[in-house]
Each structure stands twice: as structure tokens, then as C-alpha cells.
Amino acid sequence: MNIGYARVSTQDQKLEVQLSELQKYGCEMIFKEKQSAIKERPELDKMISHLRKGDTVVVWKLDRLGRSLRHLVNLVGSFKDMGVDFVSINDNIDTTTSQGRLMFNLFASFAEFEREMISERTKAGLAHARKYGRKGGRKPGISKEGKIKAWAALKRTRDSDVPVSQIQKELGLSKATYYRYLQWAENHEKKENNLKK
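Just so we're aligned: the sequence shown equals residues 17 to 213 in my numbering.
A couple of the hints might just be wrong.
Derived pair list, reagent style DSS-like, types lysine-lysine, alpha-carbon separation capped at 25 Å [as the list claims (entries may be wrong)]:
1) K151 - K163
2) K139 - K50
3) K212 - K191
4) K30 - K48
5) K163 - K212
6) K207 - K163
7) K160 - K207
Pair ranges (Cβ atoms, derived) [claimed, not checked]:
8) L142 - K96: 57 to 67 Å
9) Y148 - H66: 51 to 61 Å
10) V180 - T113: 26 to 36 Å
The hints are simulated quantities; they were obtained by calculation from the structure and are not laboratory data. Treat the numbers as computed from the prediction; the structure is a model and nothing was measured. Note that CB positions come from ideal geometry on N, CA and C, so glycine has one too.
From just these sequences and the hints, can you work out the full model?
As C-alpha cells, then:
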């Protein structure tokens with residue numbers, strides 16, 4: 017089954033051109049993404065959950081599917097693992113053909129090259145910084161605001177039957193940060209109790 021995916025990235029853009037091309041190609045089902053949020057793409061997730069071996073994902077242009085070259089390569093790689101082919105109409109890429117697979121492998125090579133270049137630049141920058149006595153990364157410990165939230169998380173967790181997810185939401189903390197702050201507050205509390213003995 018040919019399954020189409022169309023996406024607009026701004027309010028001003030329209031889906032009509034993409035939809036028309038996908039219909040001409042013979043897509044039996046088309047998922048339409050109208051949101052501009054980079055990370056949240058529910059229609060893409062829905063489409064992926066509908067895919068079955070032998071299906072073909074069809075897009076009008078490559079940039080409609082992937083956020084970046086790396087994201088695109090990863091998506092198409094996961095399609096391949098599922099036994100799903102990929103077609104980009106405007107870019108003449110069709111992974112059911114040897115030429116299409118070659119083109120896509122070139123894109124994958126560029127993505128790998130880009131990843132390696134970023135890694136090399138990062139390593140060179142860190143080495144340069146270390147040479148001049150600078151260390152990378154965030155300063156160890158927790159900020160003043162973080163300490164306040166850590167104590168609040170500890171108190172709220174102990175004094176109520178409220179679910180952790182609600183406490184996280186109230187304090188504006190991710191799950192990982194919540195547990196890191198909670199650990200800090202518990203350790204700090206133990207140290208204070210040991211000093212009092």
C-alpha cells in the first residue's frame with residue numbers, strides 16, 4: 017500500500033500541492049501534519065504505527081519528512097528494517113529501485129560525514145579549551161533556584177499522596193531533574209542529620 021505523508025511547517029503554507037501529488041502517485045492513505053512544532057509530530061507517529069511490511073511511504077519532498085538529514089536517514093533506515101520502501105516524488109528517490117537506493121545511500125553517507133565533522137570540531141574545541149585551563153560542561157551542583165525546588169520536591173513527596181508526575185508539573189521539572197533534585201535534597205538532609213549527632 018502506498019501511504020503518503022504531507023507536512024506544512026508554517027501557518028501560511030498550504031497542503032494542496034503535496035496532497036495533489038500524493039494522490040496522483042496513488043497513495044491510498046495520506047497523513048497530514050499541520051503543526052509547526054519541531055518535536056511533536058503526531059501524524060508522523062500515527063503513520064509509522066500503521067506501516068506494514070510491503071508498504072511504501074511516499075512524500076512530495078524529502079524536507080517534508082525529516083527534521084534534519086540525520087533524522088531523515090534514521091527514519092528511512094527504520095522503514096527499511098520494517099520492510100517498508102520509501103519514495104520522494106520531487107527528489108526522484110525510490111528505494112524500490114537500485115538507483116533510488118544509491119541516491120539514498122549517498123544521503124546517508126552525507127549524514128554520517130556531517131556527524132563525524134561535528135564530532136571532530138567538538139573534540140578540537142574541547143582540547144583547545146583544556147589547553148587554556150577551561151573545562152566544558154555545566155558547573156557541578158545545583159543552582160539556588162534548583163535547591164529551592166529540590167527542597168520543595170522532597171517536602172511535597174513526603175507530605176502528600178500527590179503523584180510524582182503532578183509534583184514534577186507543579187515545579188516545572190522533567191522526570192530526570194526531579195529525581196536528581198530529590199536525591200540531592202535527601203543526601204543534604206542526611207549530612208545535616210549526621211552533623212547534629
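Do the hints match the structure? See the list:
1. K151 - K163: Cα-Cα ~24 Å, so holds.
2. K139 - K50: Measuring from Cα to Cα gives roughly 39 Å; hence the hint is violated.
3. K212 - K191: violated (32 Å)
4. K30 - K48: holds (11 Å)
5. K163 - K212: Between K163 and K212 the Cα gap is close to 21 Å, so the pair holds against 25 Å.
6. K207 - K163: The hint holds at about 15 Å.
7. K160 - K207: Given that 25 Å is the threshold and the Cα spacing comes to 18 Å, the pair holds.
8. L142 - K96: 57 to 67 Å: violated (35 Å)
9. Y148 - H66: 51 to 61 Å: holds (54 Å)
10. V180 - T113: 26 to 36 Å: violated (51 Å)
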